[in-house]
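Trainee: Working from the sequences, and respecting the hints, build out all of it.
Quick note, the sequences are listed as chains A and B, same order. Counting from 1, position 45 in the first sequence corresponds to residue 45 in this note's numbering; the numbering is continuous, with no gaps. Counting from 1, position 178 in the second sequence corresponds to residue 178 in this note's numbering; the numbering is continuous, with no gaps.
It is worth saying that the hints were derived from the structure and are not from the lab. Even for Gly, the Cβ is constructed at its ideal location relative to N, Cα and C. Among the hints, a few may not be true.
[What the hints assert, rightly or not] Output of the computed footprint for chain B on chain A, the stretches with three or more beta carbons under 8 Å from beta carbons of chain B: (1) 61-75; (2) 78-89; (3) 179-188.
Number of protein chains: 2
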Amino acid sequence: MDITSDIHSQHISRQFNQELDELKTHLMAMGGLVEKQVQDAVAALLESDSDLGRRVVDNDRAVNDMQIKIDEECTQVLARRQPTASDLRLVLAVIRAASDLERIGDEASKIARNACELIDANNGTRGFVEVRLISEHVRRMVRDALTSFARLDTQLALQLVHEDEEVDNEYRSAMRSLMTFMMEDARAISPVLSLMWILRALERIGDHANNLAEYVVYLVKGLDIRHTDPDDLDEEELGPKG
Amino acid sequence: MDITSDIHSQHISRQFNQELDELKTHLMAMGGLVEKQVQDAVAALLESDSDLGRRVVDNDRAVNDMQIKIDEECTQVLARRQPTASDLRLVLAVIRAASDLERIGDEASKIARNACELIDANNGTRGFVEVRLISEHVRRMVRDALTSFARLDTQLALQLVHEDEEVDNEYRSAMRSLMTFMMEDARAISPVLSLMWILRALERIGDHANNLAEYVVYLVKGLDIRHTDPDDLDEEELGPKG
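Mentor: Written out as structure tokens, the structure reads:
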């Protein structure tokens with residue numbers, strides 16, 4: 001290869017790496033917005049702030065726009081750069097991750113809508129302990145999932161897969177408490193149902209954080225661990241690279 | 001181009017088309033299985049057949065395996081063939097569609113699990129009218145979504161986007177009826193909650209069928225209509241190609 005074409009190909013490859021970095025940066029920006037949406041949706045409920053709740057519902061549009069933009073960027077990179085191996089896996093993982101972030105945004109918006117209804121219905125603080133516990137847990141999961149994606153940290157990612165099981169247990173226990181409230185007081189049925197939808201949304205956010213963690217493993221190891229029982233995952237084998 | 005290389009490139013392109021056709025065939029096979037899972041899950045409830053319900057839960061593994069296989073095939077096609085334009089859109093649409101089909105499978109499995117609980121609890125047929133109505137509607141949507149994908153029929157696809165709104169209305173009305181059952185009889189709370197989870201799962205299946213329809217529009221028109229208000233879609237402009 002002569003020097004000119006060598007410099008040319010180095011230039012192309014530097015541009016390509018920049019494009020891949022940009023994809024990750026945009027995904028992280030979307031992740032930051034989605035994290036904030038979840039936080040605000042829960043705060044709207046716990047602090048009876050229906051203005052904040054309405055803002056969360058409005059902001060969901062911005063989340064959706066970010067997903068469409070990231071999808072377009074990924075499609076362009078695939079078409080123009082025709083990446084293979086780990087670059088291809090990165091682009092596919094970004095597409096999948098953006099889809100999960102968008103769904104987390106949807107769930108945040110559902111939480112905010114139910115929060116507004118509960119505020120209007122003057123429900124008091126019944127069920128708030130349960131919501132606070134689970135929301136702190138899943139918010140930490142979303143944050144850790146994004147960190148593990150940014151750093152390609154498979155150990156942090158695998159930790160999340162186990163945490164999702166804990167959230168499921170907390171969720172089931174919270175649902176039992178709420179069912180007891182309902183049985184004790186028929187007037188509580190409608191507000192408690194709204195709380196149940198909120199808990200369900202939080203539990204699903206945990207599932208999506210779990211998906212994000214699985215993409216990190218796929219990205220680093222080329223291994224698809226979706227649908228694998230977490231207890232069958234060998235953390236030694238899947239530890240961080242190098 | 002000399003004759004040998006011309007024949008060679010025709011050969012490559014025939015192989016490539018075969019691979020794309022296979023992707024579609026596998027997606028349709030997965031769609032067929034998922035349709036059956038939804039049908040069986042609802043039948044398990046309406047016919048009090050808990051054996052059938054357990055089979056649906058077991059079969060979810062087969063759905064998951066199909067998604068992983070399709071994803072691998074798509075990744076290989078992207079890496080080896082480096083498709084562009086409409087071929088690239090097809091591969092990306094297949095990846096997305098397989099993900100929605102997998103989630104429909106998850107919802108079918110949730111319906112089956114709740115059906116088994118209801119059968120054990122001897123709930124009777126309360127709420128069956130509502131479940132039957134909505135399940136028939138969303139099953140038709142899943143079938144039409146798959147047909148529109150197989151035929152790249154954007155008109156059928158756009159029809160689905162409107163039908164999803166109808167399902168949402170039926171869902172809200174059914175939830176109100178079920179809430180009334182709960183308020184009238186505190187002992188009904190637990191079984192009626194199971195029915196609510198079933199309705200919610202059916203409503204989500206409608207959402208996923210709607211997503212599938214949106215991918216068809218993306219595929220044919222190169223236009224991303226996710227997050228677009230259905231009433232803003234101009235059916236003339238989006239009608240079938242050619």
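Trainee: All hints are to be evaluated individually against the structure, with a verdict given for each.
Mentor: Outcome of the hint check:
no., hint, result
1, 61-75, "holds (count 8)"
2, 78-89, "holds (count 7)"
3, 179-188, "holds (count 4)"
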